[in-house]
Structure formats: C-alpha cells, structure tokens
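Trainee: The residues making up each chain are set out below.
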Amino acid sequence: SQQGEEDPQALSIQEGENATMNCSYKTSINNLQWYRQNSGRGLVHLILIRSNEREKHSGRLRVTLDTSKKSSSLLITASRAADTASYFCANRISNTGTASKLTFGTGTRLQVTL
Amino acid sequence: DVKVTQSSRYLVKRTGEKVFLECVQDMDHENMFWYRQDPGLGLRLIYFSYDVKMKEKGDIPEGYSVSREKKERFSLILESASTNQTSMYLCASSQNRGTEAFFGQGTRLTVV
Chain A
2 SQQGEEDPQA LSIQEGENAT MNCSYKTSIN NLQWYRQNSG RGLVHLILIR SNEREKHSGR
62 LRVTLDTSKK SSSLLITASR AADTASYFCA NRISNTGTAS KLTFGTGTRL QVTL
Chain B
74 DVKVTQSSRY LVKRTGEKVF LECVQDMDHE NMFWYRQDPG LGLRLIYFSY DVKMKEKGDI
134 PEGYSVSREK KERFSLILES ASTNQTSMYL CASSQNRGTE AFFGQGTRLT VV
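If you're matching them up, the sequences are chains A and B in order. FYI, the numbering for the first sequence is 2 to 115, going by our numbering. FYI, the numbering for the second sequence is 74 to 185, going by our numbering.
Bound conformation, chain B alone:
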C-alpha cells in the first residue's frame, strides 16, 4: 500500500515562529502537493513539485515556501507563522500527471 506520512497530527506554534511541516511518501512518486483546508473553502493548493528540487506555486503560495531535496520528502515551511495560517494542512503524492493522488492524514496547525 502507498503510504504518505505527515510528521505531526496536531501542532501548536506561536506567531512569528518558523514552522516546518514534513511529508514523506514511500512509493517513488514524482509529484507531491501541499494543500490547506479551511471550512467552506475546500482544499486550496499551496505548492507542488514534480521532481527533486523542482517546485511550482499553487493558488495560495504567499507566506509559504517548500523544499524537496529528496524524491520521497516534501517540506512545507511557514517562514513567520501568523494566526491566519491556522488550518488543516494536507500533503499528497502521485505517480505522474495523470493518476490518482494519495493523501497523508493531515496536520492540524494552530498558530497562537
């Protein structure tokens, strides 16, 4: 079974902190994605990556950056956390541009 693992299920951080959300997949997928999910807004794409060291902005990249140094790992970085970044963050991976995506269990981040 494909497994996508997010490093934390729940996270509480202070305003201004630098926050790292880690995602690891074990199926050698080329594509990886970071989304945030907020009530009434569905899933919004923050960043995605189609290869090591390659990244593209999604629909809401402001305030975020990403890192993909190894194929299996895709990190989301909040340079200076703010309260409006309190959300559920979901990581996903897929084999190539045509196929289904597999999701991690999500990280619920609260910024206080």
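So here's chain A without its partners, still in its complex pose:
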C-alpha cells in the first residue's frame, strides 16, 4: 500500500491557537494535497503543493513539503471552532500513460474548543 500517515491521529486545541498536522508518504509524488472532512460528509480540497515547491499559503493555511524526507505539514493559524474536522493529506502519483493514483493518509481529527 502507498497509503501515507498523518500525525497526530487526534489533536485538541483552544480557539485562537495554531494547529499543526504532519503527513508522511512512501513514494515519489507529483503533488501533495490536503483535504478536510466534516463529520460523515465528503472531503473538500484545501490546498495543493507541487513536488518542486517547498511552501505554500492560502488564507490561514500554510503547507510545507520536504521531498527528501517524504513529509508535509499543514499549519492552521488562529484556529476557530468551525475548523473542527478531520484533515487528510493525499499524494498524486503518476503511473504509466495517463493513469494517476490519488492516495490518502489516515487523517488527523482536529477538535477546536471555545
């Protein structure tokens, strides 16, 4: 399996604090993506970082990528109760031809309390 892993599995913080989640993966990638899932729903794309990029920002989100360590981190600054969700990293791997796998990690459950 090429499934990656997120760390920690669960994270509980207070509103206003920063939340950092880490992701490790196993193979070479084209890009790495982060998704959010509210309880029992489908996933929503947050941000994509390409294999030749090291850092990317989007609003309160900051993503880093270290291809030498096969790892990425997602930082959510000034967290809000509405950020409570599960967060997944996903890596895009191109196989032969045009086929392309999108493989997800195991997720981090973030709880933001007031």
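Source of the hints: derived by calculation from the structure; they are not laboratory data. Small disclaimer: the values here were computed from a predicted structure and weren't measured. Be careful, since some hints might not be right.
Taking lysine-lysine pairs in the DSSO-like style, the calculated list, with each CA pair at most 30 Å apart, reads [stated by the list, open to error]:
(1) Lys144(B) x Lys76(B)
(2) Lys27(A) x Lys91(B)
(3) Lys126(B) x Lys86(B)
(4) Lys130(B) x Lys70(A)
(5) Lys128(B) x Lys71(A)
(6) Lys128(B) x Lys143(B)
(7) Lys128(B) x Lys86(B)
(8) Lys27(A) x Lys128(B)
(9) Lys91(B) x Lys143(B)
(10) Lys76(B) x Lys57(A)
(11) Lys130(B) x Lys86(B)
(12) Lys70(A) x Lys57(A)
(13) Lys76(B) x Lys126(B)
(14) Lys144(B) x Lys86(B)
(15) Lys130(B) x Lys91(B)
(16) Lys130(B) x Lys144(B)
(17) Lys130(B) x Lys71(A)
(18) Lys91(B) x Lys144(B)
Chain A is faced by these chain B residues, among others (derived, beta-carbon under 10 Å) [said to hold, decoys possible]:
(19) Val77
(20) Ser80
(21) Gly115
(22) Phe121
(23) Glu129
(24) Pro134
(25) Glu142
(26) Ala174
(27) Gly179
(28) Arg181
(29) Val185
Even for Gly, the Cβ is constructed at its ideal location relative to N, Cα and C.
Once you have looked at the hints, place chain B on chain A.
Mentor: Relative to the frame of chain A, chain B by itself:
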C-alpha cells in the same frame, strides 16, 4: 460548481446480494475514483478510471468491480456483498492527473 453525486446516502443490503453504487459528475472530468473509509484506516482506494472503459485497480480491489461506460458515470459493483464490506464509500472525480479531486457526499453501506 462541480457536482459529484452518489446515488444513495444510506444503503442496507443482505449478504450475498449484488450491490451497485452509482456516481455521476457534471464537469467532464477524465479521472474518477472509488474509496472506502473505515475508522482508523483513512481512505483506501478501491478502483480508479482515467477514461471511458478504462480502469485500474487501487490498493484494495478484491471483492469489487467497476464500470465506466460513459464519461460522467462511474459505478462500483459488489458482486456478492459480505459483512466486511460494510463501510462508507466515497466517489471522487478530477480534471486530470495533477489537479484537486471533488468528492460526493458518500454512501454508508451496511451489509447484514
């Protein structure tokens, strides 16, 4: 807005039944994916497709098959449902191999 629609939100089937899970996307995406999600295991890729009638196995294809007769529709088939296939099933689509994926709302399947 991109819309990925899964035919059922909840489904209860009996052991041994043949089960069809349907997924339709409205943005002319080439790639479509089927995942199952179980607590503690994250999302695991069952099958994916990059074109009509083209499919590739994911990480856990055993017990499943797929069909893609039209570009907008990707069906997951459980040939003979078993209780260990009780899970949340998620369908996704994307434009090409580099871009973000869009997900359906999920189908929670219970096999009794």
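Trainee: Each hint: holds or not?
Mentor: Hint check:
no., hint, result
1, Lys144(B) x Lys76(B), "holds, 14 Å"
2, Lys27(A) x Lys91(B), "violated, 35 Å"
3, Lys126(B) x Lys86(B), "holds, 27 Å"
4, Lys130(B) x Lys70(A), "holds, 28 Å"
5, Lys128(B) x Lys71(A), "holds, 28 Å"
6, Lys128(B) x Lys143(B), "holds, 12 Å"
7, Lys128(B) x Lys86(B), "holds, 26 Å"
8, Lys27(A) x Lys128(B), "holds, 23 Å"
9, Lys91(B) x Lys143(B), "holds, 21 Å"
10, Lys76(B) x Lys57(A), "holds, 27 Å"
11, Lys130(B) x Lys86(B), "holds, 24 Å"
12, Lys70(A) x Lys57(A), "holds, 17 Å"
13, Lys76(B) x Lys126(B), "holds, 21 Å"
14, Lys144(B) x Lys86(B), "holds, 28 Å"
15, Lys130(B) x Lys91(B), "holds, 20 Å"
16, Lys130(B) x Lys144(B), "holds, 18 Å"
17, Lys130(B) x Lys71(A), "holds, 24 Å"
18, Lys91(B) x Lys144(B), "holds, 23 Å"
19, Val77, "holds, 8 Å"
20, Ser80, "violated, 14 Å"
21, Gly115, "holds, 4 Å"
22, Phe121, "holds, 7 Å"
23, Glu129, "holds, 5 Å"
24, Pro134, "violated, 12 Å"
25, Glu142, "violated, 18 Å"
26, Ala174, "holds, 6 Å"
27, Gly179, "holds, 5 Å"
28, Arg181, "holds, 8 Å"
29, Val185, "violated, 20 Å"
Hint compliance for this structure: hints 2, 20, 24, 25 and 29 are not met, and every other hint is.
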